[in-house]
Amino acid sequence: MKKIILILFVFISTLSFAQKLSVTADKNPAIVGEQILIQYSIDTEGSNFKSPNFNGLRVLSGPNPSTQSSYSFVNGKSQSSTKTTYSYYLKATKEGTFNITPATIKVDGKTITSKSYQLKIVKVSEKNKAQKKLLSENLFIKVDVSKRNIVVGEQIIVTYKLFTRLELNNTELSELPDLNGFWTKDLETSSSFKRDVIDGVPYNVATIKKSVLTAQKSGKLIIDPMELKCSIRVKNNKRNRGFFSNNYQIQEEYISSKSITITVTELPTPPPNFHGAVGKFTIKSEVDNTTSNANEAISYKLTITGTGNIELIEPLAIQFPEDFEVYDPKISDRIFEGGRKRSIKTFEYLLIPRYEGEYTITSSSLVYYNNKTKKYETKKTPQHHLIINANNNTEDENSTINQQIIKTEKKDIHYIFTTTKLKEIRDNILNKNLFILIFFLPIFLIILLWTHNTIVGKTDTNSSDWKNKKANKIALKRLKYAQNCINNNDFDSFFEEIEKSLWVYFADKFKVSIADLSKETVSTHFYSNAIDINTEKEFIALLDECEFARYAPDSNKNTQMGEILNKAKRIIIEVETALR
Amino acid sequence: MKSKTLIITLLVSISSFASDQLFEKANKAYNNSDYTSAITLYDSILITGLESSELYYNLANSHYKAQDWANAIWYYEKSLKLEKNEKTIQNLELANLKIIDRIEEIPQLFYKKWFSSFISIFNTFSWQLISILIIWLTLAIKILSQFTNYKKKHFLSVMYSISLISLFATYSSYQLNITKKQAIIFTSSIAVNSAPTTNSTILFSLHSGSKIEILDTIGEWINIRIANGSSGWIKESSCKIL
Numbered sequence: 001m002k003k004i005i006l007i008l009f010v011f012i013s014t015l016s017f018a019q020k021l022s023v024t025a026d027k028n029p030a031i032v033g034e035q036i037l038i039q040y041s042i043d044t045e046g047s048n049f050k051s052p053n054f055n056g057l058r059v060l061s062g063p064n065p066s067t068q069s070s071y072s073f074v075n076g077k078s079q080s081s082t083k084t085t086y087s088y089y090l091k092a093t094k095e096g097t098f099n100i101t102p103a104t105i106k107v108d109g110k111t112i113t114s115k116s117y118q119l120k121i122v123k124v125s126e127k128n129k130a131q132k133k134l135l136s137e138n139l140f141i142k143v144d145v146s147k148r149n150i151v152v153g154e155q156i157i158v159t160y161k162l163f164t165r166l167e168l169n170n171t172e173l174s175e176l177p178d179l180n181g182f183w184t185k186d187l188e189t190s191s192s193f194k195r196d197v198i199d200g201v202p203y204n205v206a207t208i209k210k211s212v213l214t215a216q217k218s219g220k221l222i223i224d225p226m227e228l229k230c231s232i233r234v235k236n237n238k239r240n241r242g243f244f245s246n247n248y249q250i251q252e253e254y255i256s257s258k259s260i261t262i263t264v265t266e267l268p269t270p271p272p273n274f275h276g277a278v279g280k281f282t283i284k285s286e287v288d289n290t291t292s293n294a295n296e297a298i299s300y301k302l303t304i305t306g307t308g309n310i311e312l313i314e315p316l317a318i319q320f321p322e323d324f325e326v327y328d329p330k331i332s333d334r335i336f337e338g339g340r341k342r343s344i345k346t347f348e349y350l351l352i353p354r355y356e357g358e359y360t361i362t363s364s365s366l367v368y369y370n371n372k373t374k375k376y377e378t379k380k381t382p383q384h385h386l387i388i389n390a391n392n393n394t395e396d397e398n399s400t401i402n403q404q405i406i407k408t409e410k411k412d413i414h415y416i417f418t419t420t421k422l423k424e425i426r427d428n429i430l431n432k433n434l435f436i437l438i439f440f441l442p443i444f445l446i447i448l449l450w451t452h453n454t455i456v457g458k459t460d461t462n463s464s465d466w467k468n469k470k471a472n473k474i475a476l477k478r479l480k481y482a483q484n485c486i487n488n489n490d491f492d493s494f495f496e497e498i499e500k501s502l503w504v505y506f507a508d509k510f511k512v513s514i515a516d517l518s519k520e521t522v523s524t525h526f527y528s529n530a531i532d533i534n535t536e537k538e539f540i541a542l543l544d545e546c547e548f549a550r551y552a553p554d555s556n557k558n559t560q561m562g563e564i565l566n567k568a569k570r571i572i573i574e575v576e577t578a579l580r
Numbered sequence: 001m002k003s004k005t006l007i008i009t010l011l012v013s014i015s016s017f018a019s020d021q022l023f024e025k026a027n028k029a030y031n032n033s034d035y036t037s038a039i040t041l042y043d044s045i046l047i048t049g050l051e052s053s054e055l056y057y058n059l060a061n062s063h064y065k066a067q068d069w070a071n072a073i074w075y076y077e078k079s080l081k082l083e084k085n086e087k088t089i090q091n092l093e094l095a096n097l098k099i100i101d102r103i104e105e106i107p108q109l110f111y112k113k114w115f116s117s118f119i120s121i122f123n124t125f126s127w128q129l130i131s132i133l134i135i136w137l138t139l140a141i142k143i144l145s146q147f148t149n150y151k152k153k154h155f156l157s158v159m160y161s162i163s164l165i166s167l168f169a170t171y172s173s174y175q176l177n178i179t180k181k182q183a184i185i186f187t188s189s190i191a192v193n194s195a196p197t198t199n200s201t202i203l204f205s206l207h208s209g210s211k212i213e214i215l216d217t218i219g220e221w222i223n224i225r226i227a228n229g230s231s232g233w234i235k236e237s238s239c240k241i242l
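Protein chains in written order, with the numbering used here: chain Y, 1 to 580; chain C, 1 to 242.
For the record, the hints were derived by calculation from the structure and aren't laboratory data.
Honestly, I wouldn't trust all of these hints.
Said to hold, decoys possible - Lysine to aspartate or glutamate pairs mimicking EDC-like chemistry, simulated, CA-CA at most 16 Å apart:
1) K423/Y x D43/C
2) K421/Y x E93/C
3) K423/Y x E93/C
4) K181/C x E77/C
5) K519/Y x D490/Y
6) K411/Y x E83/C
7) K421/Y x E51/C
8) K421/Y x E83/C
9) K421/Y x E213/C
10) K258/Y x D178/Y
11) K65/C x D412/Y
12) K28/C x E77/C
13) K229/Y x D196/Y
14) K87/C x E424/Y
15) K423/Y x E51/C
16) K78/C x D412/Y
17) K98/C x D412/Y
18) K423/Y x E83/C
19) K500/Y x E545/Y
20) K91/Y x E252/Y
21) K410/Y x D216/C
Claimed, not checked - Residues from chain C that face chain Y, not an exhaustive set, calculated with beta carbons under 7 Å:
22) F17
23) S19
24) Q21
25) G49
26) Y64
27) N96
28) K98
29) I132
30) I135
31) L203
32) F204
To be verified - Derived coverage of chain C by chain Y (criterion: at least 3 residues anywhere in the stretch with Cβ under 8 Å from a Cβ of chain Y; other residues may be distant):
33) 27-41
34) 121-128
We put the beta carbon where it would ideally sit given N, CA and C, even for glycine.
Bound-form chain Y, shown alone (with noise of 0.2 Å):
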């Protein structure tokens, strides 16, 4: 019984102990710009590991997680172990008392936070700071620049080196410089220390980077410090040495540039075709081939010459023939000092002329801006006249038709009229009531004309054939029942219609009131309006025979009532044309 209660007992207290996150740092307090080891280790495995926050120390590295597990056999005994460790390196940058946050991790689910911590950096004593003026005097670097006013793709050089006189036991880049804004090509440098003399003072130095930098933009750039990680051999003052012991140590240090300002201006406004290369270029072109067979391939080649920042000039837009199958250019270069020294750079195109006939490559042209001459240049290459002689390979011959579609894929508006009328600006337009008063006078006109016609022509007395149209038109009207009549075969009315019509047409036309109609006013006003005395005795036979017919009965009425219209119509006619 008691044994187990042991056995838990450890359990437990193992158990308790792994769920414990520790914080530890090699040195506290330490001093403004030592390197300080920070880490966070825990017995067990855990995942999820959350940073801390460094208020103001700068993390030079970290979190690195590292994990040890180890597995004992003692006295029969079995036992294993896992500890996860993360690591910082920290550096100090000025003095004061820091506190670490708590991190975190997971272990089995459960969020274990360790403690907050507080680490205290002091200040260099007066011993230390006069050793550190000590090594910056003799180890520094220096940076130099070749030109610190420029126009933007004009090119510098930036050379690091290292000036030492202490035993360097090895160097290490820890922060590279940020170049924003340039475009950085790295040149080839040797790591030998060579011995030079500033001031009468011996310097060992060594180039450790040697940069051209095109600027890219145009502003105040800043280029950076660079730091360096330096190992220095140094004397063991402390007398207590062991016989084994070393007479050095190894001093850790880190030294950097100081930062350096470039102004980079604009270039000037420059022209359609310019291309950002700036330098002082001149530009070859060559043809391997002017005379030619279709289908075979010729060779155009560029070549650009000169100092500036060649590495950026694209290849430039040359017109090929249109009948030409052109392919990307093969671009090769030798650049020295990334430009600074005369560099060559060639473009060659693989052009394969289709068709026969006689060709032109026009001339292409580079636009550079002058940095020296602070203008901008153009170098052009020549025409290249080819001939292309029709390819007499059977090949050819057993091919089909090789017809070309011609498209056109561009569209750009049509081209500008070279001549033209110039005319005063006016309204070019009448005016709107002008407009009226011409169009509608003719309106108007024809309107009075036709006014005219239908007043005045009814007392033209000399229009004999117009007066008998006129009559027999109201003879029409006046007979339209009796007309109708006849289209029903109604018999009985017609003959009173027929007479109906008589006497109100004579009434109408003699101003005759209704009382006084009978045959003795026919004959007076007939005589007094000097109408024929055959036309009298007609009317009034035309009546009676009316009057006699509508009382007897007759077989044949059908052809008698067409008879009696007539007669009608024509009296009615007469009457008309007597009294016009």
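Following the hints, put chain C in place on chain Y, whose structure we already have.
Then chain C, alone, in the frame of chain Y:
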């Protein structure tokens, strides 16, 4: 009096001669891709009070090449007002592709389309002249028939209907080209309000180069309508009337 008129005609001929030279000079500048000086040269012809559809067309082309789309469209439209030309219409289409706004036109009914294409055969002035000519001809025939017993009545009625049609066409052409006011937006972006006040609801926005029709004016505000039928109010200063 006579000498005065002589001097005036001489002056006019000199100025037109100088303008022709200016036109050629501007064309040369255009050929050398110097579009800004081409524009100033063409403009100097306009300042002398002369115009032509070709001049407006060339100015529009120069503005197009200088990538000033609003001006290019304005001058193409101006050129089309003077004379219809296939080249101008095609260039205007290209220029309209360059601007921000793409206004979908309401499709017209087929007879309206026929009618508008019939009207656009002649400009308003020609239509006026044609209708006047026809009505006077009709009058002449009418008078002739009065005195010579000319009996073709049908011919006269045909003439009457033709003159009626031409009057209608003239009226429509007048409405379309003279009464209807159009403009091009010149401000890079403008909000179209629902009422002629700045604090009214913003319906949509227009960008430079879009063509608008002016329906009404109240103070500095104009009531506009675009080709898709939407309408609203904008300030007059943001556009240039054609």
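Now for the hints, and whether the structure bears them out:
Restraint check for K423/Y and D43/C: satisfied, since their Cα atoms lie roughly 15 Å apart, inside the 16 Å limit. Restraint check for K421/Y and E93/C: not satisfied, since their Cα atoms lie roughly 25 Å apart, outside the 16 Å limit. Between K423/Y and E93/C the alpha-carbon distance is near 27 Å, which puts this suggested pair outside the 16 Å criterion. Taken as a hint, the K181/C and E77/C pair is honoured in the structure, with Cα atoms around 12 Å apart against an allowance of 16 Å.
Proposed proximity of K519/Y and D490/Y is contradicted: the alpha carbons are some 27 Å apart, above 16 Å. Taking the CA atoms of K411/Y and E83/C, the gap is near 24 Å; set against the 16 Å cutoff, the hint is violated. Between K421/Y and E51/C the CA atoms are separated by roughly 8 Å; this keeps the pair inside 16 Å, and the hint holds. For the suggested pair K421/Y and E83/C, the alpha carbons sit about 12 Å apart, so the restraint of at most 16 Å is met.
The hinted pair formed by K421/Y and E213/C fails the criterion: a straight-line CA distance of about 30 Å is larger than 16 Å. Annotation: proposed proximity of K258/Y to D178/Y holds, straight-line Cα distance about 13 Å (limit 16 Å). Between K65/C and D412/Y the CA atoms are separated by roughly 10 Å; this keeps the pair inside 16 Å, and the hint holds. At roughly 24 Å between alpha-carbon atoms, K28/C and E77/C are farther apart than 16 Å, so this suggested pair is violated.
For a cut-off of 16 Å, the pair hint linking K229/Y to D196/Y is broken: about 22 Å separates their Cα positions. Note on K87/C and E424/Y: the hinted pairing is violated, with a Cα-Cα distance of about 23 Å set against a maximum of 16 Å. Proposed proximity of K423/Y and E51/C is supported: the alpha carbons are some 5 Å apart, at most 16 Å. For the proposed pair K78/C and D412/Y, the alpha carbon gap of about 20 Å is over 16 Å, so the pair is violated.
A distance of roughly 12 Å separates the Cα atoms of K98/C and D412/Y; the hinted pair therefore holds under the 16 Å criterion. For the given pair, K423/Y sits about 13 Å from E83/C by alpha-carbon distance, which is consistent with the 16 Å threshold. Between K500/Y and E545/Y, the direct Cα distance comes to roughly 13 Å. Compliance with the 16 Å bound is thereby established for this hinted pair. With a CA separation close to 13 Å, the supplied pair K91/Y and E252/Y stays within the 16 Å bound.
Note on K410/Y and D216/C: the hinted pairing is violated, with a Cα-Cα distance of about 42 Å set against a maximum of 16 Å. Taking 7 Å as the C-beta cut-off, the interface hint given for F17/C is violated, the closest approach to chain Y being about 10 Å. Given hint, S19/C at the interface with chain Y, holds; its Cβ is 5 Å from that chain's nearest Cβ, closer than 7 Å. Hint on Q21/C is violated. Least Cβ distance to chain Y is approximately 11 Å, over the 7 Å limit.
Of the supplied interface hints, the one on G49/C holds, with its beta-carbon coming within about 5 Å of a beta-carbon of chain Y, less than 7 Å. Because the beta carbon of Y64/C sits about 6 Å from the nearest beta carbon in chain Y, less than 7 Å, this interface hint is met. A distance limit of 7 Å between C-beta atoms decides the matter here; for N96/C the minimum to chain Y is near 12 Å, and the interface restraint is violated. At about 10 Å, the closest approach between the beta carbon of K98/C and any beta carbon in chain Y exceeds 7 Å, and the interface hint on this residue is violated.
The restraint placing I132/C at the interface with chain Y holds, with a minimum CB-CB distance near 5 Å, inside the 7 Å limit. With its C-beta approaching chain Y no nearer than about 5 Å, I135/C sits inside the 7 Å limit, and its interface hint holds. Hint status for L203/C relative to chain Y: violated, with the closest Cβ pair at about 33 Å, above 7 Å. Residue-level restraint check for F204/C is violated (minimum Cβ-Cβ distance to chain Y is 29 Å; threshold 7 Å).
Chain Y is given as covering the region 27-41 of chain C, and this holds because 3 residues of the stretch bring a CB closer than 8 Å to a CB of that chain, at least three being needed. With a cut-off of 8 Å between beta carbons, the region 121-128 of chain C has 4 residues touching chain Y; three or more are needed, and the interface restraint holds.
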